[in-house]
Amino acid sequence: MTTRTAQLSNLQFALLLSLPILSFLLLVMAYPMGFALWLSVHDVQFVFGKVQAEYAGLDNFARVLQSAEFWHSLAVSLRFTVESVVLTILIGLGLALVMNMETRFSGLVRTLIILPWAVSLYGTGVMWFYLARGQSGLATSISFALGFDRAVSFITSRSVIEVLALANAWNMAPLVAFFLLANLKTIPERLYHLAEIDRLGTLETFLHVTLPPLRFTLFVFTAIATVLTLKQLDLVFILSRGGPGDISTATPFLLYDVSFKQLLLGYGSAMSFCLLVVIVVSTLGLYALWGRREEAR
Amino acid sequence: MKKRGSKPYGVLLFTALGAAVAGWSAPAAGVSSDIQGDLRATSGETVYFRGWQYKPDIVQDNTDRYNRTQDGRVSYQTVTGDYPALMEKSLIAGDRLDVIYANPSTAVRFMEAGWILPADELPGAEGARGDMYPNVRRAWTHKGKLLGLSYFLTIRGLTTVNTRRLGELGLSREDYPRSWDELYDQVDRLTRQGVRDVFLPHWFNEYYGISWAYVWEVLNRGGMLADPVTHEPRMTVEGPAGETLRDWKRFWNSGAIDEEILSYTESSLVEGFSSGRYLYSSQAHYNLAQFNDPRRSPIAGHVDLVPFAGSGWGLLDSALYLTTSQERDDELDRDVRRFVSWYGYRDDTGEIAVGTRWMETSMLFSAYRPVMESDAARRAMGRFLGSEGMVDDLLVLYANTPHPDGVWKVVWSEEFNAHLRKVLGNFLLRDEPVHEVVEGLTREIQRLNRKYGVS
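Protein chains in written order, with our numbering: chain A, 1 to 297; chain B, 1 to 455.
Take these hints with a grain of salt, some might be off.
Straight-line distance between alpha carbons at most 30 angstroms, and here's what the computed DSS-like set of lysine-lysine pairs gives [unchecked claim]:
#: 1; chain 1: A; residue 1: Lys-231; chain 2: B; residue 2: Lys-89
#: 2; chain 1: B; residue 1: Lys-249; chain 2: A; residue 2: Lys-50
#: 3; chain 1: B; residue 1: Lys-89; chain 2: A; residue 2: Lys-185
#: 4; chain 1: A; residue 1: Lys-231; chain 2: A; residue 2: Lys-50
#: 5; chain 1: A; residue 1: Lys-50; chain 2: B; residue 2: Lys-55
#: 6; chain 1: B; residue 1: Lys-143; chain 2: A; residue 2: Lys-231
#: 7; chain 1: B; residue 1: Lys-145; chain 2: B; residue 2: Lys-89
#: 8; chain 1: B; residue 1: Lys-451; chain 2: B; residue 2: Lys-145
Counterexamples of contact, computed for chain A against chain B with all Cβ distances above 12 angstroms [stated by the list, open to error]:
#: 9; residue: Asn-10
#: 10; residue: Leu-17
#: 11; residue: Ala-151
#: 12; residue: Arg-190
#: 13; residue: Leu-191
#: 14; residue: Tyr-192
#: 15; residue: Val-258
Because the hints were derived from the structure by calculation, they are not lab data.
A virtual CB, placed ideally from N, CA and C, is assigned to each residue, including glycine.
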C-alpha cells in the first residue's frame, strides 16, 4: 500500500495561514458593511429601533452628491486633514531628531514625548478646548499678562480648524516620532563622519544623510495620518462639536449628526460610502504620487 | 426703586407653581403621606442607574446610602456627551439600563417607544402624584401617564444682572428691561456707546443651549413654534419666531458678542458671567447659587435677576428619573421599582431626602410641595439668593414661565432640537435670511409630523 501526500502550493499555504484572520475580518466587517450598503439603497425610517425600509436605488447617493452640507463638510475634512498631516509629520520628525540626540536626559525626554500619544482623543479634545478658548486659554493669559483686557479665542470660524489640526498632530506626532527614531538608529555613524569629511553643512547632512532612510516611513505615516484624520470624529465632537455653526463640521461629524441625531440612516450610509471613496482615492493618490517611487528606490 | 416684598415663600411658591404654565388645574389635594412599603432590595442583583454629569459625587453618595441602608446593589455611572442621543442608542442596543435621567422631551419619546414604565406603576406613585405641583404634574404627564419621578425643576433663560456693573454704567433697577425687545434695545444702545460685554446669551453648543434659547424667546414673546395639541407648525416671519431671529441678527451683527459663544459648554457660560465681565446673561436659575458664592464668583452678592414684568424670561426646564421597561426577572424588577421610589420620592424613613438634598445643596427645585414648602428650602433659597426680595421675584417668575408643550411633548422633539441647533448657528454665522429660516423650520416640523404620523 502506498501513501500519497499532497504538497501545498505557496499560494495555498499562504491562504491557509491567512484563513483565521480572513475569517475574522469577514465576521467583523462583512455584516456591518453589507448592512450599510443595504441601508444606502433604501429609504429608511428608523423609528424607535425598528427599521422600515423601501428600496430607493441610488437616490440616497444622488442626494448626498447634490447636498451642500456634504460638500461643505468634505472641504472642512480636507482642510483639517492636510493641516493635520503636515503638522503631524513635521512635529514627528522634529521630535525624532530631538530624541536621537544622546544626552543625560534622553530617557526623560523620550518619556515626555510619548505622553501625548498616551492621552485619549477625548482628553486631548478637552485640554485643547480649554487652551484655545477665550475664557481660559493660553492666549488670553498672555494677553492679560501683557496688560490687555481682552480675551483671545481661537475657537472662531477663522481658526477653529487649525486648532483641531494642532490638537490632532499633538496626539499623533509622538507615534510618528518613535518610528522615525527607530529608522534614525539604523543610519550608520560613519555616514555622518563622511559628511563631515565632505564638509557638508547641517542642512545638507540632513537632506542627504538623515532624510533618505526616513522617506518610506514618512510616506507610510502620511498615509496612516491621512486615513485617521479623514475619519476623525472624536476630536471634533469633543473640541468644537462641529461649530461654531457648522464651520468645523467635518464629514464624520456630519455623518454622526445625520445618522444618529436626525436618524436619516439611508442618507447617512450613502454618505459614509462617499467618505470611504474619498479615503481610498486619497491613499491611492498618495501611493501613486509618492509611495511607488519610495518602493522603487 | 421697586420695593421688594417679603411674602411667605411656601405660600407664594405654591401659588406660583400652582398657577404656572398654561391651563393650570386646581391645586392637588393635601400633602400625601403615602408610605410605599418596604424598599429593601431582595434580589441581590445589580440595578444600573445612569445619568448625565451633574455633581456625580452627590448622586454617588445618595446611591451609597441606599445600598448601605437597603441592602441594594445599585451601580451608578455618568454618561458624557450628547445625552439624549447616547441614551437612545443604548436603549436600542439593549444595554442594561434600569433607571435613567431624562428631560421631559426625551421621556415622551422614550415612552412612545415603549422603553420606559409609567411612574404610576412605582411604589408610592399615588403619593408622588399628590405631592407634585399641578403644573409640573401636567408637564410630566403624557397620554394620561406620569413619565417619571422628580429630579429637578428650574427656570432656564432667566436674565441675571451684574449689579456692580449696572452701577458702574450709571444704571439702576429701574432700567431693567421688561421684555426681550427692551433687552436687545438696551444692549444695542450701550454697545453703540462703546460699552463692551453687555449681554451673554444662552447660545452655547449643547442640546439645551442655543436651540432652547430660541424656543423660550418665541414663547416669551407670546408665540409658539408648534401647536401644543396638534403639533402643527405655528411660526410666521412677522410673528415672534421672525422677531426673535431679527433681534438675534441685530445683536450678532453689532459685533457685541464673541463668536466663541457658539462653541461654549454650559460651564463656560456660567464662568463667563461669574467673571463679572457681563452686565446681563441668560442662565438657569440654579446657577444663581454659584454666582452668589464668594468662593466661586468675584461678583457674589452683586447678582440679581430681572423680574417678571408682563413678559416671561425662559422656560420651565426639568428632569425626571425614568424606569426602563427592559425585561427583568420579577425579583430584580421589584428592586428597580423600590430604588426609583426611594431615590425619586420618599426614602425608607418617609422623607423626600434626595429631593431635599438637591434643594439644599444646589438650589435645584423639586416638583414636590413638601420639599419646596419646607423650612430647609426657605433657608437654602435665602442663602443662595442673598435677599428675600430676590426669592419673591424668582417665585413670581416661576408662575409665569412656560413649558414648551408644542415642541417638547411630542415624539420628534429631540430630532427637531438637533436640527434647530444647527440651523440657528448657521443663521448667525452665514447671515441667512429670516424668512428662509422660518420656512425651513416649518417644513422640518411638517416632515417630522409626517414621519411619525403626528396630528
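So, going through the hints one by one against the coordinates:
1. The suggested pairing of Lys-231(A) with Lys-89(B) holds, with an alpha-carbon distance near 21 angstroms, which does not exceed 30 angstroms.
2. For the proposed pair Lys-249(B) and Lys-50(A), the alpha carbon gap of about 40 angstroms is over 30 angstroms, so the pair is violated.
3. A threshold of 30 angstroms between alpha carbons decides the hint, and for Lys-89(B) with Lys-185(A) the separation of about 48 angstroms lies outside it, so the pair is violated.
4. Simply put, Lys-231(A) and Lys-50(A) have alpha-carbon atoms about 27 angstroms apart, close enough for the 30 angstroms limit, and the pair holds.
5. About 35 angstroms separates the Cα atoms of Lys-50(A) and Lys-55(B), which puts this hinted pair outside 30 angstroms; it is violated.
6. Distance restraint check for Lys-143(B) and Lys-231(A): the Cα-Cα separation of roughly 43 angstroms exceeds the 30 angstroms cut-off, and the hinted pair is therefore not satisfied.
7. A hinted pair counts as satisfied when its Cα atoms are at most 30 angstroms apart, and Lys-145(B) with Lys-89(B) qualifies at roughly 24 angstroms.
8. The straight-line distance between the Cα atoms of Lys-451(B) and Lys-145(B) is roughly 24 angstroms, inside the 30 angstroms bound, and the hint therefore holds.
9. Interface exclusion of Asn-10(A) from chain B stands, the closest Cβ pair being 44 angstroms apart, more than 12 angstroms.
10. For Leu-17(A), the condition that its CB be more than 12 angstroms from all CB atoms of chain B holds, with the nearest at approximately 35 angstroms.
11. At roughly 7 angstroms, the least C-beta separation between Ala-151(A) and chain B is not larger than 12 angstroms, which violates its mark as non-interface.
12. For Arg-190(A), the shortest C-beta to C-beta distance to chain B comes to about 54 angstroms, beyond the 12 angstroms cut-off, and the non-interface label holds.
13. Every beta carbon of chain B lies more than 12 angstroms from that of Leu-191(A), the smallest distance being close to 50 angstroms; the non-interface claim holds.
14. Listed as outside the interface, Tyr-192(A) is consistent with that label: its C-beta sits roughly 48 angstroms from the nearest C-beta of chain B, beyond the 12 angstroms cut-off.
15. For Val-258(A), the non-interface assignment is contradicted: its Cβ lies about 10 angstroms from the closest Cβ of chain B, within the 12 angstroms cut-off.
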